[in-house]
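Colleague: Residue numbers (the working numbering), protein chains in the order written: chain A, 1 to 196; chain B, 1 to 196.
Heads up, a few of these hints could be off.
Since the list can't tell identical chains apart, any single copy or any two copies may satisfy a pair.
Below, computed lysine-lysine pairings styled on DSSO-like, alpha-carbon distance capped at 27 angstroms [unchecked claim]:
no. : residue 1 : residue 2
1   : Lys166    : Lys176
2   : Lys6      : Lys58
3   : Lys166    : Lys58
4   : Lys116    : Lys176
5   : Lys116    : Lys32
Rather than coming from a laboratory, the hints here were simulated on the basis of the structure.
Computed from a predicted structure; not experimentally measured.
Chain by chain, the residues run as shown.
Protein chains: 2
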Amino acid sequence: MAARRKSLSTGDIARHCQVTPATVVNWIKAGKLEVYTTPGGQYRMDTDAFLAFLDKNKFPVPEELQPARQRRILVMDDSPAMLDAATSALSRHLPGSVLETSVDGFEGLIKIGSFKPHALVLDLMMPRLDGAEVCRCLRAGTETRNMFIVALSGLAADNELVRRVKRIGVDAFLTKPVDMTDLARQLARLLRVALE
Amino acid sequence: MAARRKSLSTGDIARHCQVTPATVVNWIKAGKLEVYTTPGGQYRMDTDAFLAFLDKNKFPVPEELQPARQRRILVMDDSPAMLDAATSALSRHLPGSVLETSVDGFEGLIKIGSFKPHALVLDLMMPRLDGAEVCRCLRAGTETRNMFIVALSGLAADNELVRRVKRIGVDAFLTKPVDMTDLARQLARLLRVALE
DNA sequence: AAGGCGTAATCAGGTTTTCATCCATAGCCA
DNA sequence: TGGCTATGGATGAAAACCTGATTACGCCTT
Numbered sequence: 001m002a003a004r005r006k007s008l009s010t011g012d013i014a015r016h017c018q019v020t021p022a023t024v025v026n027w028i029k030a031g032k033l034e035v036y037t038t039p040g041g042q043y044r045m046d047t048d049a050f051l052a053f054l055d056k057n058k059f060p061v062p063e064e065l066q067p068a069r070q071r072r073i074l075v076m077d078d079s080p081a082m083l084d085a086a087t088s089a090l091s092r093h094l095p096g097s098v099l100e101t102s103v104d105g106f107e108g109l110i111k112i113g114s115f116k117p118h119a120l121v122l123d124l125m126m127p128r129l130d131g132a133e134v135c136r137c138l139r140a141g142t143e144t145r146n147m148f149i150v151a152l153s154g155l156a157a158d159n160e161l162v163r164r165v166k167r168i169g170v171d172a173f174l175t176k177p178v179d180m181t182d183l184a185r186q187l188a189r190l191l192r193v194a195l196e
Numbered sequence: 001m002a003a004r005r006k007s008l009s010t011g012d013i014a015r016h017c018q019v020t021p022a023t024v025v026n027w028i029k030a031g032k033l034e035v036y037t038t039p040g041g042q043y044r045m046d047t048d049a050f051l052a053f054l055d056k057n058k059f060p061v062p063e064e065l066q067p068a069r070q071r072r073i074l075v076m077d078d079s080p081a082m083l084d085a086a087t088s089a090l091s092r093h094l095p096g097s098v099l100e101t102s103v104d105g106f107e108g109l110i111k112i113g114s115f116k117p118h119a120l121v122l123d124l125m126m127p128r129l130d131g132a133e134v135c136r137c138l139r140a141g142t143e144t145r146n147m148f149i150v151a152l153s154g155l156a157a158d159n160e161l162v163r164r165v166k167r168i169g170v171d172a173f174l175t176k177p178v179d180m181t182d183l184a185r186q187l188a189r190l191l192r193v194a195l196e
């Protein structure tokens, strides 16, 4: 997914290379991988160094690590009007990105799996969908952990749901009514793409 | 995690081509196979590249690598015990199929999108997840419309939720406690695969 | 039929990877 | 801050793999 995380653990590397974590440790001990260690003694590797390593060994580069220029953005909101506004604003301000929308919460979750967006714009108050729970679930999944999340809500900042979401950790938080230019700016910042 | 396409070792390729591993190494050294190497010096090959190779040389494609043959099944239930039981029973009775499970409803929905199962075994009473609504959503989506759905529930047949689900239309309905052999039989029928 | 040639199979020895287990660490939540 | 759980690290034994040299086989030429 997106390049939020800069360092990889042995487990991450093992998954990418289709190999056991223990094997990755072997490589490290043999000096084949350039790593550094946490104070507790766990290995960490820079994404850049890992990419160089993959390249050297002709390993296929996993999709989520490729410097993809096309950023995928999924907007979930139960108001069609809001989706329309977001679509027109984002396609104007972020012309390089691919946009998807979902009015329905469940459909949106399924789309997260198939579309694999780099950034998710999520209304916290969708019918049948606990926004905080969605954030927690995304952060818990290996595939979705690094997805950028922009939360939207009309609730006050000290609301219980809002506090839960902020504790889980989203990348941006906008209060409704949403200023679309602001939304575009936040997405551009997170995805490191130019704003038009 | 989704069933990712595995990379193949020389042994795997040898088995598929009915040939000695050493022969596969010969092919590799002769540049006939497009491989990469682990830092330890072992050869790995992408499944896709291997299939292309088989095609080019008119090799018969081994059964278990034929994408069309693989049936993906996702089991969603909030009880880990139930998932364990289902996993062991289904992997025994339907050995050709790829199995995934999910204890969490939201995670399960995301997995539906990424894993794209041919059949979904769905507990109607998961926390935070209205089973009937999920069925409705699946039947409404173009991608998921033809997915087989096996609904599980401990509720009586005349329950409101159950009636809703049946009206939406699922492909099988089993009451809890679930007889795993029965579940396997239903799935085999729907997916048109042999039952073992 | 014999010889040459190329490809495949064998074999031994050393290396790499996996597997299973147990313990430590890191990240999460109250 | 202090616990909790998922994840990472170490270990040793077993399995799989690579190398290189040698042998066996099929096929074509002579």
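Colleague: Are the hints correct? Go through all of them and say.
Modeller: Hint by hint, here is what the structure shows:
no.	hint	in the structure
1	Lys166 to Lys176	within (16 angstroms within a copy, 39 angstroms between copies)
2	Lys6 to Lys58	both (22 angstroms within a copy, 16 angstroms between copies)
3	Lys166 to Lys58	neither (41 angstroms within a copy, 52 angstroms between copies)
4	Lys116 to Lys176	within (25 angstroms within a copy, 34 angstroms between copies)
5	Lys116 to Lys32	neither (32 angstroms within a copy, 35 angstroms between copies)
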